[in-house]
Amino acid sequence: MGSKTPGIRKNDDGSYYMLLGPGAPPKGWEANHVQTIPGRGWFPYFRAYGAKQEFFDDTYKLPTINKVKDFLKYIK
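In our numbering, the protein residues as written are 541 to 616.
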């Protein structure tokens with residue numbers, strides 16, 4: 541999943557919601573979804589393409605990952 545993924549939904553502030561889970565995503569959010577395997581662990585990783593100085597001097601902060609049970613309620 542990336543900013544050039546066909547159909548990906550971008551937030552007004554330029555960020556993206558990434559949905560990770562074994563179930564189907566809400567309708568319209570399929571491009572923002574990564575299917576996981578039930579009962580198996582997973583981990584996120586971050587790649588910095590064309591990183592700016594903030595990345596190297598540790599002032600850039602990665603966004604938090606939140607566990608959400610009802611995504612559509614969460615984004616309202």
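Incorrect hints may appear among the rest.
[Claimed, not checked] Derived pair list, reagent style DSS-like, types lysine-lysine, alpha-carbon separation capped at 27 angstroms:
| # | residue 1 | residue 2 |
| --- | --- | --- |
| 1 | Lys613 | Lys567 |
| 2 | Lys567 | Lys607 |
| 3 | Lys544 | Lys607 |
| 4 | Lys550 | Lys616 |
| 5 | Lys567 | Lys616 |
| 6 | Lys550 | Lys567 |
| 7 | Lys601 | Lys550 |
| 8 | Lys567 | Lys601 |
| 9 | Lys616 | Lys601 |
| 10 | Lys616 | Lys544 |
| 11 | Lys592 | Lys609 |
| 12 | Lys609 | Lys550 |
| 13 | Lys544 | Lys592 |
Hints in this document: simulated from the structure, not taken from any laboratory.
Here is how each hint holds up against the structure:
1. Under the criterion of a C-alpha separation no larger than 27 angstroms, the hint pairing lysine 613 with lysine 567 is consistent with the structure, at around 14 angstroms.
2. Taking the CA atoms of lysine 567 and lysine 607, the gap is about 19 angstroms. The hint holds against a cut of 27 angstroms.
3. Our distance criterion of 27 angstroms between C-alpha atoms is met by lysine 544 and lysine 607, whose separation comes to about 25 angstroms.
4. Proposed proximity of lysine 550 and lysine 616 is supported: the alpha carbons are some 15 angstroms apart, at most 27 angstroms.
5. Restraint check for lysine 567 and lysine 616: the C-alpha separation of about 16 angstroms stays at or below 27 angstroms, so the hint holds.
6. Distance check on the hinted pair: lysine 550 and lysine 567 sit about 15 angstroms apart at the alpha-carbon level, within 27 angstroms; holds.
7. Of the supplied pair hints, the one linking lysine 601 and lysine 550 holds, its CA atoms being roughly 19 angstroms apart against a limit of 27 angstroms.
8. The straight-line distance between the Cα atoms of lysine 567 and lysine 601 is roughly 31 angstroms, outside the 27 angstroms bound, and the hint therefore fails.
9. Between lysine 616 and lysine 601 the CA atoms are separated by roughly 24 angstroms; this keeps the pair inside 27 angstroms, and the hint holds.
10. Under the criterion of a C-alpha separation no larger than 27 angstroms, the hint pairing lysine 616 with lysine 544 is consistent with the structure, at around 25 angstroms.
11. In summary, the hint linking lysine 592 to lysine 609 is not supported, as the alpha carbons are separated by about 35 angstroms, beyond the 27 angstroms threshold.
12. Pair hint lysine 609 plus lysine 550 holds up; C-alpha atoms about 21 angstroms apart against a cutoff of 27 angstroms.
13. Restraint check for lysine 544 and lysine 592: satisfied, since their Cα atoms lie roughly 20 angstroms apart, inside the 27 angstroms limit.
Hint compliance for this structure: hints 8, 11 are not met, and every other hint is.
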